[in-house]
Amino acid sequence: MTLDELRGSVAIVGIGQAGLGEARGRTEMEILAEAACKAVADAGLTMQDIDGIATASVGATMWPLPVAEYLGIRPKSVDGTMLGGSSFVTHMMSAALALHAGLCNAVLVCYGSTQRTSTIGRKEIAQMRPLVDPQPYEYPYQPAMPVTAYALAAARHMHQYGTTREQLAEVAVAARKWAQLNPEAMMRDPLTIADVLGARMVADPLGVRDCCLVTDGAGAYVMVRADRARDLAQKPVFMLGNASATWHRQISAMPDLTQTAALESGQRAFAMAGLGPADMDVVELYDAFTINPILFLEDLGFCAKGEGGAYVAGGAIAPGGRLPVNTNGGGLSCVHPGMYGMFITIEAVRQLRGDCGARQVAGAQTALVHGNGGTLAGQATAVLGTEATL
Amino acid sequence: MEGTDMTFSETGPGLVYREALEAGRFQIQHCKNCGRHVFYPRVLCNHCGATALEWVVASGRATVYSTTVVRRKPDAGGDINIVLVDLEEGVRMMSRVEGLAPEQVRIGMAVTARIVADAGQPLVVFVAAQEAP
Chain A
1 MTLDELRGSV AIVGIGQAGL GEARGRTEME ILAEAACKAV ADAGLTMQDI
51 DGIATASVGA TMWPLPVAEY LGIRPKSVDG TMLGGSSFVT HMMSAALALH
101 AGLCNAVLVC YGSTQRTSTI GRKEIAQMRP LVDPQPYEYP YQPAMPVTAY
151 ALAAARHMHQ YGTTREQLAE VAVAARKWAQ LNPEAMMRDP LTIADVLGAR
201 MVADPLGVRD CCLVTDGAGA YVMVRADRAR DLAQKPVFML GNASATWHRQ
251 ISAMPDLTQT AALESGQRAF AMAGLGPADM DVVELYDAFT INPILFLEDL
301 GFCAKGEGGA YVAGGAIAPG GRLPVNTNGG GLSCVHPGMY GMFITIEAVR
351 QLRGDCGARQ VAGAQTALVH GNGGTLAGQA TAVLGTEATL
Chain B
1 MEGTDMTFSE TGPGLVYREA LEAGRFQIQH CKNCGRHVFY PRVLCNHCGA
51 TALEWVVASG RATVYSTTVV RRKPDAGGDI NIVLVDLEEG VRMMSRVEGL
101 APEQVRIGMA VTARIVADAG QPLVVFVAAQ EAP
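Protein chains in written order, with the numbering used here: chain A, 1 to 390; chain B, 1 to 133.
In short, the hints are calculated from the structure, not lab data. Fair warning: this is a prediction, and the values are worked out from it, not measured in the lab. Glycine included, every Cβ here is placed at the ideal spot set by N, Cα and C. A portion of the hints provided could be inaccurate.
Across the chosen pairs, the derived CB separations fall in these ranges [stated by the list, open to error]:
#1 A:M62 x B:A76: 28 to 36 Å
#2 A:A358 x B:V116: 37 to 45 Å
#3 A:A313 x B:W55: 46 to 54 Å
#4 A:A362 x B:R42: 49 to 57 Å
#5 A:T2 x B:G90: 35 to 43 Å
#6 A:K305 x B:A117: 39 to 47 Å
#7 B:A110 x A:G357: 30 to 38 Å
#8 A:A278 x B:T63: 37 to 45 Å
#9 B:V56 x A:R200: 41 to 49 Å
#10 A:M47 x B:G90: 34 to 42 Å
#11 B:T63 x A:G321: 36 to 44 Å
#12 B:G14 x A:T61: 17 to 25 Å
Computed cross-link-like contacts, DMTMM-like style, restricted to lysine to aspartate or glutamate with a CA-CA straight-line distance of at most 20 Å [stated by the list, open to error]:
#13 A:K76 x A:D49
#14 B:K73 x B:E88
#15 A:K123 x B:E54
#16 A:K123 x B:E103
#17 A:K305 x A:D231
#18 B:K32 x B:E88
#19 B:K73 x B:E54
#20 A:K235 x A:D281
#21 B:K73 x A:E124
Far from chain A, by Cβ distances over 12 Å, these chain B residues were calculated [said to hold, decoys possible]:
#22 M6
#23 S9
#24 A23
#25 K32
#26 P41
#27 L44
#28 E54
#29 W55
#30 V56
#31 V57
#32 T67
#33 P74
#34 G99
#35 L100
#36 E103
#37 V127
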């Protein structure tokens with residue numbers, strides 16, 4: 001098998017979301033299962049048709065086991081790869097390989113988190129992390145992860161390339177303008193550059209409006225081989241390219257804070273797809289912090305290194321701008337349940353189905369999904385397309 | 001032959017590093033195969049994969065690569081500085097710069113290492129180079 005053969009050979013045929021925003025009274029497993037049921041039904045399948053699974057949890061290391069148990073399935077292919085928030089973009093490739101090899105016929109990729117409303121939320125997990133995931137050369141300095149890592153990257157980008165806080169704020173304002181077109185988005189109030197600059201500082205140069213939301217939420221998608229996809233309920237969205245790359249775990253081990261491994265994942269995903277940045281109709285970038293889309297637009301080749309700040313200025317990635325980026329409102333204004341890679345994937349599928357209502361990018365045939373994990377560490381890029389792109 | 005000796009020390013490099021700090025020495029590793037330095041302490045060289053690492057005392061001279069101020073409420077300890085510094089030997093580490101207000105730390109600033117006691121553990125921090133004794 002070659003990557004050429006894999007291109008377009010599998011498709012996302014079902015999507016589902018649950019518990020977006022606040023899911024008070026429900027557990028993360030319960031909303032995950034709701035999203036899974038919706039995704040399977042959306043595909044026109046039943047849960048008993050699912051014979052492959054991929055999932056990851058911020059807390060539980062053996063997470064695929066309880067998920068399969070809860071859903072009542074006996075998967076022939078299991079992937080619990082955990083690269084942080086990008087995991088669900090990475091899972092797309094292992095699902096494609098498993099489907100292509102005939103290990104299984106329908107893979108469910110799923111995630112849920114109740115970090116906002118659960119009694120064991122983000123704060124408790126942050127307290128546990130040094131014990132279960134030791135980083136003895138960083139934690140003694142009390143770096144308040146992950147925001148400190150992104151602040152260090154933003155500060156370096158500003159120093160090296162003259163990027164400004166106003167340009168960072170453009171990313172948050174653009175996300176908010178998209179969110180105002182999305183009834184599912186959590187934050188839809190007007191937001192100005194001045195609001196972002198005047199917000200409480202968290203880790204310089206990042207203020208609270210430079211940081212993603214802390215929400216609950218679950219999402220799921222179903223993948224099958226392309227031949228079968230055409231017989232199912234929804235317009236298939238084909239995987240044209242997918243690649244993951246990781247160069248570090250700790251921010252102190254990142255070779256160049258202005259250069260992420262998205263450079264590598266993007267090049268490999270585009271090469272597999274036979275497409276490039278100029279071919280992308282819609283772009284979904286994991287915006288954990290406002291510096292992220294700037295870094296990823298550069299690393300993925302939408303602009304030269306160092307020019308990301310200028311690229312996003314003047315509403316360029318907002319509705320009506322030169323490139324539609326983060327059309328659901330992003331992690332900054334729509335939803336961010338700890339690991340957001342699932343939700344950029346779902347938004348790309350919706351755009352390619354043409355189901356996005358007021359925020360629909362007219363005639364979108366191709367979408368770029370770029371997931372980020374940990375502290376700019378786990379990078380995963382997917383290129384998706386409609387039947388017309390095969 | 002270099003690189004084929006798979007005899008490892010009974011004491012892991014992490015403990016060797018901490019014990020040296022406790023004795024007042026900030027030491028890092030140097031790879032006898034590729035000649036580059038290694039930090040944090042490892043069993044193998046992250047540049048070339050060789051296991052022929054030796055300990056050397058760090059110069060302590062470094063430059064601030066990036067800096068931030070983590071904003072915290074006074075009852076949570078107040079604002080603190082976090083930096084990444086590039087040691088003269090070519091390796092990077094997380095630390096903080098002491099002796100200055102957190103927001104006065106600048107990228108490109110020359111700094112010098114000091115070992116301090118932090119929560120009962122020895123920790124490498126930095127001070128502005130001109131203020132070093």
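Hints violated by the structure (numbers, ascending): 2, 7, 10, 14, 15, 16, 17, 19, 26, 32, 36
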